[in-house]
Amino acid sequence: MATANAVLANDGAKRPAPPRLASVYSEVQTSRLNHPLPLPSVLKGPFKLVDGPPSSAAGNPDEIAKLFPNLFGQPSANLVPTGSDPSDLTGGLRVGVVLSGGQAPGGHNVISGIFDYLQERTNGSILYGFKGGPAGIMKCKYVELTPDFIYPYRNQGGFDMICSGRDKIETPEQFKQAEETAMKLDLDGLVVIGGDDSNTNACLLAEYFRQKNMKTRVIGCPKTIDGDLKCKEVPASFGFDTACKVAAKKQTLKNVTDYITDVICKRAELGYNYGVVLIPEGLIDFIPEVQQLIAELNEILAHDVVDEDGLWKKKLQHQSQLLFEFLPQAIKEQLLLERDPHGNVQVSKIETEKMLISMVETELEKRKYEGRCGLPTNFDATYCYALGYAAGALLCSGKTGLISSVTFITSPFYFKEFFFSYNSSIMKC
290 MATANAVLAN DGAKRPAPPR LASVYSEVQT SRLNHPLPLP SVLKGPFKLV DGPPSSAAGN
350 PDEIAKLFPN LFGQPSANLV PTGSDPSDLT GGLRVGVVLS GGQAPGGHNV ISGIFDYLQE
410 RTNGSILYGF KGGPAGIMKC KYVELTPDFI YPYRNQGGFD MICSGRDKIE TPEQFKQAEE
470 TAMKLDLDGL VVIGGDDSNT NACLLAEYFR QKNMKTRVIG CPKTIDGDLK CKEVPASFGF
530 DTACKVAAKK QTLKNVTDYI TDVICKRAEL GYNYGVVLIP EGLIDFIPEV QQLIAELNEI
590 LAHDVVDEDG LWKKKLQHQS QLLFEFLPQA IKEQLLLERD PHGNVQVSKI ETEKMLISMV
650 ETELEKRKYE GRCGLPTNFD ATYCYALGYA AGALLCSGKT GLISSVTFIT SPFYFKEFFF
710 SYNSSIMKC
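Numbering (the working numbering), first residue to last: 290 to 718.
Hints were generated in silico from the structure; no laboratory data involved. Don't be surprised by glycine CBs; every beta carbon is placed ideally from N, CA and C. Do not rely on the hints blindly, as some may be mistaken.
To be verified - Restricting the straight-line Cα-Cα distance to at most 27 Å, the calculated cross-link-like pairs of lysine-lysine (DSS-like) are:
id, residue 1, residue 2
1, Lys430, Lys555
2, Lys333, Lys355
3, Lys465, Lys501
4, Lys473, Lys501
5, Lys337, Lys457
6, Lys543, Lys501
7, Lys521, Lys501
8, Lys534, Lys519
9, Lys604, Lys534
10, Lys355, Lys534
11, Lys355, Lys521
12, Lys519, Lys555
13, Lys555, Lys355
14, Lys504, Lys473
15, Lys430, Lys355
16, Lys428, Lys534
Unchecked claim - Across the chosen pairs, the derived CB separations fall in these ranges:
id, residue 1, residue 2, range
17, Val566, Cys520, 32 to 38 Å
18, Val317, Pro342, 17 to 23 Å
19, Val552, Ala591, 54 to 60 Å
20, Lys603, Phe697, 24 to 30 Å
21, Leu625, Lys543, 46 to 52 Å
22, Lys543, Pro325, 37 to 43 Å
23, Ser315, Glu558, 18 to 24 Å
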């Protein structure tokens with residue numbers, strides 16, 4: 290089994306291999322490493338790009354056209370098979386890739402797809418991974434990605450291959466820093482793997498590079514575990530399928546609390562009085578009984594005032610009453626007091642980790658739940674690999690300011706007989 294031995298750093302010197310080594314993987318992780326990643330038929334043979342409809346916008350097109358004078362209205366692009374013999378490899382490209390925003394299962398496979406496209410379809414290309422998100426671009430912190438470096442991350446969860454960040458490239462100084470990095474590395478292209486904000490930022494960067502007459506092209510790959518990027522151009526954002534399946538056990542909050550408590554107790558018996566529990570963002574929003582409680586609270590508090598004698602609680606269903614009393618006092622107050630302008634509970638502001646800490650402490654006195662970084666499902670693993678492979682094709686064809694998008698993903702012929710389409714990321718601005 291191949292493992293990573295060393296990596297090439299910015300100064301050309303070799304550095305220790307990445308922390309993730311295939312040789313120390315669990316049986317499950319090892320089984321995932323070599324899971325096959327079939328490509329759609331259009332990407333298996335020779336293909337060409339055909340211009341599609343011009344880009345449009347959900348908002349005010351005139352205002353958006355002012356923000357993106359060099360990109361707005363450019364045609365989308367479709368990949369279609371040519372039916373002819375494959376041509377010779379194209380010349381080598383120098384491409385950068387960055388992970389932006391929160392983690393989503395499958396991100397490593399997008400990078401793998403980009404890398405494999407460059408290896409298989411170009412001659413002598415180099416792929417740089419910017420470390421720590423967009424800040425890595427601004428600070429020119431990168432690592433050259435090699436087969437040995439990438440192999441241990443294929444079909445694996447997390448974003449730790451090059452790590453991510455929530456910085457944005459938005460000030461004149463930051464755009465200038467990005468320009469200097471692109472010039473220093475002589476980048477032909479950059480792939481931004483991120484959510485709606487990240488892809489909007491990518492489009493701004495593409496506009497800036499084109500305005501400066503730079504050769505660096507920018508392509509986005511849409512991701513989020515929340516599924517909030519869904520539109521006709523993006524039928525599904527990667528990571529959503531995995532997040533749904535990780536939460537599919539329909540556990541109660543008590544189940545989750547007991548599970549964490551059991552793990553702590555078992556480790557303590559073995560002398561391991563330490564550990565890490567990974568808590569995904571919005572965990573409680575995936576627990577059916579919590580969803581029910583919040584829905585009931587929104588309905589009750591829209592018409593009633595929370596009285597000190599607690600008579601309003603009688604309007605809750607019995608199961609919701611039990612759950613509400615089970616919650617720590619601080620969380621109860623957040624549920625009752627923290628409302629958005631529409632009067633609904635602001636679930637995103639509930640500090641899930643502190644809530645679970647309090648509940649586990651209570652349970653421990655009486656006597657791992659993970660979604661963002663989970664191993665990607667077969668769907669997300671294959672989908673992401675195709676997104677990355679196609680992003681490489683877009684860059685190689687000279688496209689910029691577009692997002693990679695796979696269509697017909699619900700078709701029974703998915704990955705057999707269908708085509709790809711790509712549309713401008715301006716549409717999400």
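Verification of the supplied hints:
1. Proximity of Lys430 to Lys555 is assessed by CA-CA distance (about 41 Å); at most 27 Å being required, the pair is judged violated.
2. Restraint check for Lys333 and Lys355: the C-alpha separation of about 39 Å exceeds 27 Å, so the hint is violated.
3. Between Lys465 and Lys501, the direct Cα distance comes to roughly 11 Å. Compliance with the 27 Å bound is thereby established for this hinted pair.
4. Taking the CA atoms of Lys473 and Lys501, the gap is near 15 Å; set against the 27 Å cutoff, the hint holds.
5. Using a Cα cut-off of 27 Å, the hinted pair Lys337 and Lys457 is violated, with the two alpha carbons roughly 33 Å apart.
6. Between Lys543 and Lys501 the alpha-carbon distance is near 57 Å, which puts this suggested pair outside the 27 Å criterion.
7. Restraint check for Lys521 and Lys501: not satisfied, since their Cα atoms lie roughly 32 Å apart, outside the 27 Å limit.
8. With a CA separation close to 18 Å, the supplied pair Lys534 and Lys519 stays within the 27 Å bound.
9. Pair hint Lys604 plus Lys534 does not hold up; C-alpha atoms about 33 Å apart against a cutoff of 27 Å.
10. For the hint linking Lys355 to Lys534, the alpha-carbon distance of about 42 Å lies beyond 27 Å, and the restraint is violated.
11. Taking the CA atoms of Lys355 and Lys521, the gap is near 24 Å; set against the 27 Å cutoff, the hint holds.
12. Proposed proximity of Lys519 and Lys555 is contradicted: the alpha carbons are some 42 Å apart, above 27 Å.
13. The straight-line distance between the Cα atoms of Lys555 and Lys355 is roughly 61 Å, outside the 27 Å bound, and the hint therefore fails.
14. For the hint linking Lys504 to Lys473, the alpha-carbon distance of about 13 Å falls within 27 Å, and the restraint holds.
15. Taking the CA atoms of Lys430 and Lys355, the gap is near 32 Å; set against the 27 Å cutoff, the hint is violated.
16. For the hint pairing Lys428 with Lys534, the CA-to-CA distance comes to about 37 Å; that exceeds 27 Å, so the pair is violated.
17. One distance hint, 32 to 38 Å for the beta-carbon pair Val566 and Cys520, holds here, with the actual separation near 35 Å.
18. At roughly 44 Å, the beta-carbon separation of Val317 and Pro342 lies outside the given 17 to 23 Å, and the hint is violated.
19. Between Val552 and Ala591 the C-beta distance comes to about 39 Å, which lies outside the given range of 54 to 60 Å.
20. A beta carbon spacing of about 51 Å between Lys603 and Phe697 contradicts the range 24 to 30 Å that was offered as a hint.
21. At about 21 Å, the CB distance of Leu625 to Lys543 disagrees with the hint of 46 to 52 Å.
22. The hinted window of 37 to 43 Å between Lys543 and Pro325 holds, with their beta carbons roughly 40 Å apart.
23. Look at Ser315 against Glu558: about 21 Å separates their beta carbons, and that is inside 18 to 24 Å.
In this structure, the hints that do not hold are numbers 1, 2, 5, 6, 7, 9, 10, 12, 13, 15, 16, 18, 19, 20, 21, in rising order.
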